[in-house]
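Novice: As a plain string of letters, each chain reads:
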Amino acid sequence: MFDIIVSTFVQLLSGWHLVYLLLGVLLGLVFGVLPALGGAAGMAVLLPFVFGMPPALALPMMIGMMAVTPTADTFSSVLMGIPGGNSSQATVLDGFPMSKRGEAARALSAAFTSSLVGGLFGAIVLTFAVVAAKPLLLMIGFGEQLLLVLLALTMVGTLAGLNPLKGLATCGLGLLAGMIGTAPTSGTQRLTGDLAYLLDGPPLPIIALGLFAIPEIVDLVRRQSSISKDGVNIGSGWIEGIKDTFRHWGLVLRCSVIGVVVGAMPGLGGSVINWMAYSHAVQSAKDKSQFGKGDVRGVLAPESANNAQDGGHLIPTLLFGIPAGSSMALLLSGFILIGLKPGLEMVTNNLSLTYTIIWSLAIANVIGAAACVLISQPISRLTTVPSTIIAPFMFVIIFFAAAQSTRSWYDLIAVMVIGALGVYLKRFGWPRPAFMIGFVLSTQLENGIYRVVQIYQWSFLTRPVAIVLLLIVLISLGMALWYREHNRVLTEEGVHSQLGRGPQLLFFGALFAATAFALIESFNWQFAAALFPRSVAIVTLLLLVPLGYILLTAKSPNTAFFELEREEFSEGVEEHSNEYFMLWLLGYVGIIALLGFALGSAVFVYVFMWRKASVSHLACALSAAAVFALLAGLNYWLGISYVDGLLQSFELPWPLN
Amino acid sequence: MTANRWARTLAATAAILGAFTMGAAAADIDFKGKTINVIVPYTEGGGSDLYARLFVPYLRKHLPGNPVVVIRNMPGGGSIMGSNHFHTSAKPDGLTIVATSSSTLVAQLLAGKKREFDVLKWRHFIVSPQGTVAYAITKTGVTGKDPVADIQTLRKQKLKYGSKQPDAGELRVILAFELLDMKVDVVFGLARGEVRQAMMRGEIELNHDTAETYLANGAKMEKDGEVVPLFTLGYPKGAEIVRDPTFPKLNTAGELYEKLNGKPPSGPLYDAYKSFVNLGVAASKGFALPPGTPDEIRDVYVAAMKKTIEDPDFKKSAGDEVGDVPQLFGKDADFAIKQAVDLSPETNKWLLDFLASRYGFKPS
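Going line by line, the protein sequences match chains C and X.
Counting in the numbering used here, the first sequence runs from 1 upward without gaps.
Counting in the numbering used here, the second sequence runs from 1 upward without gaps.
Next up, chain X with everything else stripped away, as it sits in the complex (with noise of 0.2 Å):
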């Protein structure tokens, strides 16, 4: 190590120690020549690794002293090789950030020992929601004239729906599904494309997408009259669930609930889902800092963010995945966490119940 180097590390120390005693400005806190690792714990691809190669150039424009950012994809065990390694070694010095997704938070509920995270100590500076939307193929009846009669028709049926396996993010699509009382018999090892083409052949009648996925590929189907959309998930706003604001028209899974049942949904069910709707809607994606990361630095974070939201060439590029929808930063963000994640202990134990004598599913 140089002695300049040295002597910029101890520099770079003192400030963040000086940010700390003495509350500072962020404006102290400069990564010039600093090189900022993102850890990506997916394979290059997926819709968490283009989430991240999206922000990245931006995270160099706007984080003060323009560092080098580099993505550093970590795949394996489903998000929980690469968390694990940025849980365990990733000092709290603003230099590594981890890319997050709903995958990640239901490794945090059900990945068991192999887990050594803990999302709920990470400093998450953003996350991103993203609507969902369950639709139906019209083969099955419906209408999308009345939404009440649509889920009274389906009811009346067996349904299938596909899904990579009980322990990933479309949970929180099964649980609307057995919160409408719906029969859905779901169809494992498919991913979103694989049901979306089964759907076009008349195989599978359900599907979900996120609002940017059906918006691109299900709204042509819809106006073509092959789906009809049932319900969104709704969109989480404090500890309540409101309409999606991308589909301001249609109900969400509890309102439909209320209009069928006459009263408005409660119990350990409707708890999961609402879990499940803050894991997969308001936190489908996002980054966070390592454990113990100073105020400052992840005020910097924020800052650099919100200046990326703002930025018209991000706008340009960008707008489609991100989309139009308030991105949550911050105290936000780490709330939006926590009520995903953070289970009462009855509800945990109504969803270990539950996808063990659905699913057979066991945490190990």
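Just chain C, with the same shape it has in the complex (with noise of 0.2 Å):
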């Protein structure tokens, strides 16, 4: 075994094989720079160059392309507060704050160095797992994936905030939305209100973006600030962000055994894994008061686990030929193209090509984790651009990566619906992670109930692996529980004021309304389909009526309360609320309709440019232009497509169709 894997390695630094590996390394950083086009996207664009190559080669390419992708999606997480792929979700809670700090350079090279630590880790990890990995993989059984799903639910404890019936209300409601689509029992189609956009639930990027992103740059233009307030020292930063890696180096590493074992396992997807390691940063950490105001903990926790998890996932791919996700799916693809059969073979008479993927994945993750650092420090002056400047082209971004999603009309209006949503959940103190958190593990909480009903009841729970995780579950909701920030002191003048409540209260009572009505349809559904989404919505509402009692009623500052718009604005700003905002960003959409997606972006950073940020009109065209000219070249070399507006119904010649 070691002469092939020293063999492997010498062969994989020589000649062509490294070329190829630095071409899907280059792929996969222009990939991951994107936001929502991830791996798959890229493996999609690989595929029909591998093509009868042979496997030395195509290997290295496709593992470097993938291997890279959760490093570099780390660049819009951190520098715009826009999730730069599903696995990084949880790097903007910390990261963009670290950013508004003027510590975007650390945060990055955090990022970057605690990638490779988990990218390394996950490689050393499946050098051993492939030979030795089977008879553990088939412990985890659907009991033991359920009581996986429960964990993470349980972490959302720690996520919940300041006010736990808003927290766990929160959850709930993300618990519904998840619930949005075909229920898989009976084909019911549960809240879809007749919409064939909805049958498969409302897309997870969507989510993602709608909550985070556009709240964040909604606040950014209103604060008319550039993203870091002082933008002295981002210069400096990038060391003292490898030395964060170094300086909790445990979390680091039990971060990165997170990412590589639920990685593996099947039933919990990479969406969740990187929100377990931000909560077990929290639930870990003796000084939780700075997490989700930039805590560099918070950014190295779903870093190093999203790197981990490529070496975690690719133990069951390897094994089983049983793929984790669409990238893996897509790699599985390219397998077959040049000949592989993956499963127990691979392990048993290709074990050289299994240690190219190995080495392929620990190289790729050095190279791009590198070239990431490098760049991070040019790139982080970003951030001292005036927001007025750079909030178009942010907000060009978004539409452009929730387009992503199916391509079609629905996601710019989704989009909009859910920016809507976050921005009044940030307003108002609603724990956006713990949406998130419910959104995601909704369909694997309630299929995992209803596979273990039929398959044990509860006889699982006698099995030793779901033992020791029930255990786990019980040691998580304990901490849970335990946890309280205290001695916080609320005042009058603070966010948690109970004065001018009226706004909250309206917010509250579309939520409740929200709520109520998922309780109501769920009564013209077949039962198998209505029982959890009933469940859900009853104890939810069962949480929002004694907060609802505390809103209506309390004298005094409350935590039940939250305000963000008592905050200081900085003096001598225009002042504009968050609905003018958003109402440009429905001027946007119309353009779009108008003269599609490209034109149409164009058209909205001019705009925006001239009206906002007073610079002069030349400017603003160059800036058009250069959009314009992006989004085309995305077009051409990528064959990447947009959402078409009236103007593509005349046939037009490229670029303008």
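If you are wondering where the hints come from, they were derived from the structure by calculation, not from laboratory data.
Just so you know, not all the hints are guaranteed correct.
What the hints assert, rightly or not - Listed below are the simulated DSS-like cross-link pairs for lysine-lysine, each with C-alpha atoms no more than 25 Å apart in a straight line:
#1 X:Lys160 x C:Lys134
#2 X:Lys139 x C:Lys134
#3 X:Lys145 x X:Lys32
#4 C:Lys134 x X:Lys220
#5 X:Lys121 x X:Lys349
#6 X:Lys263 x X:Lys223
#7 X:Lys223 x C:Lys134
#8 X:Lys32 x X:Lys306
#9 X:Lys316 x X:Lys220
#10 X:Lys237 x X:Lys338
#11 X:Lys349 x X:Lys183
#12 X:Lys306 x X:Lys113
Claimed, not checked - If you want the ones that stay clear, here's a sample from chain C, every Cβ over 10 Å from chain X, calculated:
#13 Pro55
#14 Thr127
#15 Thr462
#16 Gln498
These numbers were taken from a predicted model, which means no experiment stands behind them.
Glycine is no exception: its CB is placed at the ideal position from the N, C-alpha and C atoms.
Assembly of the complex is requested from the two constituent chains, each provided in isolation within its own frame, with the hints serving as guidance.
Specialist: Structure representation (structure tokens):
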């Protein structure tokens, strides 16, 4: 075994193998940097080229591409607050506040270094797992999978914010949102409003963009400052970020373990792992006060986990030929195209190719992280650009990313609706991560319960792994209950004031009505399809009722209250409301409806910069032209298509079509 | 729009009209300088996406004028979104095609009013049949020595089988179990790979795979004595169902029925089963042109597909996915689609009653 490990390493570093690996890494960087285009889209672009290539060349290219996307997608998460991919949503929570504090370079280099550690850790585990993991993985049955989902759910406790009623109710709303779509047990359509778009449920990237990116950027343009208020020491932070990784090496290592273990197990997708790692960071920290405000540990945790999870995902993919997620599915397709049959034979007869995969994973992680660290310093300067100049580009990126879900109009409308929800959740202090976790886990929780009842009833709890997992669940639950943030002084001037509660009550009423609506609707559904949503709706209402009582009657500041509008704005700033900028976005959607995405985006950038940033028409025009050229280039080189407007119903030459 | 472009469009239109009226040879159609959009109503990485991606380089190679061919993934609504878009907005000029799969055909039967497309109006130019094998774990007592005895062994037990949801292509296998009078509890919300893994853990007893997946994964488990193949769903030949050419030794579910009951199967259950065999086996994946596309354009596509299938490079890279079974072109493809989704009123009623009473499914 060891001679194979060494010989594949030497082979990989020689001649064309390295060139193909680098090509893959380069493509992965491009796809990683563009939000919502992750490994799956990159793999789709690569596939035509791997036809008939020798495996020893094709594998480094494919793995190289896949390995660096979770590294590179950190850029938009940290710099702009736009989740770069499904596996780096949690990075936004502390990464973006760090940028705002002028520590973008530190956050980025911490992210990349921990990504590197996670990626290498994943590769090491994979090295041994491919020969030994099969019996272990077969111990993870449906019962154990359900306990994993429950474990992830208990972690909400730490992300629920100050008011447990509010936090748990938000999680309940997320669970309900996750149940929109076709119920698997009966094919019943739940809360789809008769739209085909919602049959598969609202797309995850849309929820992430709407909840996290839109509110942050609206907030940013309202304040009219640059992302980081003082950009003095931006350049010097990157060494600090590397140091951070080693300062918190225990956390980075533990999160790498979470990534690789949960990634290898069936049942929990990649979009949950980064949240689990983040929650673990919060749970295990002594001083939790800085999380959500720019604690570097909140960046280290998800980033080490999401690179480690590739190594984890590869274990079942190689061992059983069962892909974990869509980029793995495409990787499997690639395997088939170059004549490899994934499965146990990979490990017995093709061991050298298996180690080519592992080495490619390791080397790509090193190169990718190094490249990202190098560019992190100059690219961090973006955060010193005034928000009114950079915001239009960020909105274009959000809409671009959103429309990658189904390439239809509904994506743009959906991201606007979720964006509005996100703006108010943020304004009134309903914890968005709790909503997100509920949403991500909803389907797995419901399916898991049905499966276990069908197959085991309760008997799975006598299985050894299940017992261990159950204990972990209970410990996690205990920690969530035990943990409370104390000694916070609530004042009538602060955000928790009881004064001016009208808007809060209005929003509360809307959420209450939505939950009640889901409950009433559920009586039209087939019983098995209605049971779970009905239970969740009832529990959520039970949480909302006392909360509503407090909101209505409390005479002093209370954690139930939250009004971000009470925070001070910088002086001398022309003040506009959230709604004002949401209208701008609506206008943007309108222009896209007329001119199509590419041209509409250019016009939007021009008008926004002209009206808001008071720069010259020439600068506006140049920016607009740059946006258009970039979008056209993406279409030309990567075959990415956009939403059409009225203009495109006429036959036009490229790039106008 | 440039004058040049106009000229080309006019020329193309003239060519199409000319071909239409004078019955000129298909060679007049030339896609030089054009871009052909392949709408794939699924997300990147699914089986139908891979199928489309296998063909794209060869479409370019073998269509006259070597056009640029690009894939547009438009997932959503279990293929309904992309298929609706294709049906309502694609022009019959040969520049837009759609990738079809059994989910699209199931949607044709069961999607209710969300469906704006009609696959019977589409001009299919190729469908690629893919056999289906049902198998069971040996823990149930099946041996593979006597297929009839194996079914009788299984009939005495309560069995579990995994499927995505009631209104999906897997219904073909559920109907086969029903035909053979097996008591099967279906665990929903599972993909095929998950079911196979659950079988290895002994949590689920029954599974099916397409022929190629079975050869890649199930065959190894069969050799290790973990599973035994029970039957294939057979292979439609005209209106009949014959043995699957990939597994000539395995009975079809219909043959087993006859051996168990002493008479050939008939009635609405068997008719529904046959329709789903066409849907999930004969027309499992394919490509179509929009409604109203002239025969001449379709003939050009059929010719390109025939060349592709014979192309040695294609055989080498795609052999495993497309298999060595004969492909259905043009009119034969249309026939298979019609067999799949053109149910008689009583069969349709039986199917809806079955889904409603068994799983509480109602089309909306």
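Novice: May I ask which of the numbered hints given earlier this structure violates, with the numbers listed in increasing order?
Specialist: 3, 6, 12
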